[in-house]
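**Student:** Here's the letter readout for the chains.
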Amino acid sequence: MEVDSQKQLQRKQSTYLSLDENFGIQREVYRGQQYSQIYFARLHMMRTLLYSLVPNWKSHLPVCTVLGLEEGKECIIVGTLYKHMKLKPCILDEYSKERSATPLVKPHNFIHQDDYLVLEDESGRVKLGSTMLSPSVYVTGVVVALHGKETTAGDFFVEDILEAGLPPQIERPLKSREDKYVVFVSGLSIGSSSSNPLQFQLLVDHITGHLGDEEEQGLAAEIVYLVIAGNSVDISHRLLNGQNLTSKDQSRLSEPIKELDILLTQIAASLPLDIMPGSSDPANFSLPQQPLNRCLFPGSATYNTFRSCTNPHCFELDSIRFLGTSGQNIDDLTKYSEAEDKLDFLERTLKWRHLAPTAPNTLGCYPFTDRDPFLIDSCPHVYFVGNQEKYETRLLKGLEGQLVRLICIPRFCETGVAVVLNMRNLECHTITFGTQLSS
Amino acid sequence: MATTSKNMKGFYRQKKNKAAGGITKSKSSKSTKNPSLKHAATFGSDITQSPALISHGGSLDLKDDLDEQEQVLRLFDMNMAYGPCLGITRLARWERAQRLGLSPPKEIENLLKGGKVNLECLFDGRV
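Chains as they are written, first to last, in the numbering used here: chain W, 22 to 460; chain G, 7 to 133.
None of these hints come from the bench; they were simulated from the model.
All values derive from a computational prediction rather than experimental measurement.
Check each hint, because a few of them may be wrong.
[Said to hold, decoys possible] Some, not all, of what chain G presents toward chain W, calculated at C-beta under 8 Å:
id	residue
1	M86
2	G89
3	P90
4	L92
5	I94
6	A98
7	R102
8	R105
9	L106
10	P110
Where a beta carbon is used, it is the ideal one built from N, C-alpha and C, also for glycine.
Turn these sequences into a full structure, and let the hints guide you.
**Tutor:** Right, here's the structure in full:
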């Protein structure tokens, strides 16, 4: 095939700015601290914010602490929610004398109608009773302001609730007139039995412009960035049974990573990419997950277009702010709360201004002492979550004119679907790669 | 043999010194007028302090009138407004309070950066 030298297609460029500093733990020193420090930082930051919002909400009511509650007096209290869940797995269940026939842990959701909420601040905690507060919507770790009064029973009867709401957003630059695309993919699971190497190879070929005619290649040239949102490899655990590994087993263990590196090298040679760790990747377990080590990618790490990032990941492309995770935060919310679809969970985390409110309660997290890195103080323009069952997207409009594109990225090994976002108008579409020959 | 000693105490063997602690390692025979804050829980009782409670590698902090500086720092540790004190050095806690806009008193910072004070909170190593 001859290369038409008259029409050289140039890939479009964009300026990149990494905002992952907050998610690094290189400067942290572990001194045996527990999680009270991160909860204090979270409560303090959110409470200061909520105190500034309360006068616009209900200015006539006094604000007091939990211990300062008086029976019958209407007031506003601010604190961290704790949800007492009957079915939440507890380590003590292993020691309970009676073992019922039902398994101790239900796989997908721990909600029960007897769950109740408790509000806690440094001075104390109070059980919440109300007709308007549905425990199935909330999770432990969310900081809210509540309007109500203490009952004779000692509970706090809630009449109204104030969440922090969407954070302020820096306006998108309006002058972008050309179409520039960002491709999101997650759940490649290279090395698993369900992953089809041809599918990902097709994706790589398409993005790098090796497929299709001029028109197709022209479209591919408008792709400026690729984000891989977690679970890129699936390393078989069968070999990790505590025995010493033979050299044959060792090479078998590292094969998925080598395969991934080969494919990433092809991509990195063509366009910049970000790779985030996920729950099945060889990175640390607790959030924030640290970037995958560059030594795992001897081929692709030599390119300056290759970037290994943290999970959660925050960056700016042409002044458009992207924020997203590999899915652990939303999966945890799915287990401990209820919503109509995954996009509702995304919306809630934005309104609560916290990426992972269930951390550290049910989601592993590093015990930070001086800050809570998961607090969202600037509203992103694109908010994504990886490794979900299906592709879903919504454009969320905030009360102060914020505009956020919410994206659920499906698992590529199961669906063959990658998500493409147009940075000019924040519109989303998918590309699907199939390798089934029509029968 | 009858003794003419008015002081019956001399007749009987010496009793253990019931000063704060009950273990008379050092010659401290201070009265229990100002009990050490650390042993406040067992103040007034005859129970000998079990060694586990006083495991500082042997050194007993039996100074009954605590060093004024240490008093001030302990009050800083116990102040709820600055968050939990365990698991964080006093200076780190002060700096965090400063960063979060809580305006902690400057004297504490000077104390911690200057003199020979304990840099860890009062519960450090004991909880």
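**Student:** Work down the list of hints and note, for each, if the structure agrees.
**Tutor:** Verification of the hints:
1. M86: Holds, about 5 Å.
2. G89: The hint holds - G89 of chain G has a Cβ within 8 Å of chain W, the shortest such distance being about 4 Å.
3. P90: holds, 4 Å
4. L92: holds, 7 Å
5. I94: holds, 5 Å
6. A98: holds, 7 Å
7. R102: It holds, given that the least Cβ distance between R102 of chain G and chain W is near 4 Å, below 8 Å.
8. R105: Since the shortest Cβ distance to chain W is 7 Å, the answer is holds.
9. L106: Holds, about 5 Å.
10. P110: violated, 13 Å
Checked against the numbered hints above, the structure breaks only hint 10 and satisfies the rest.
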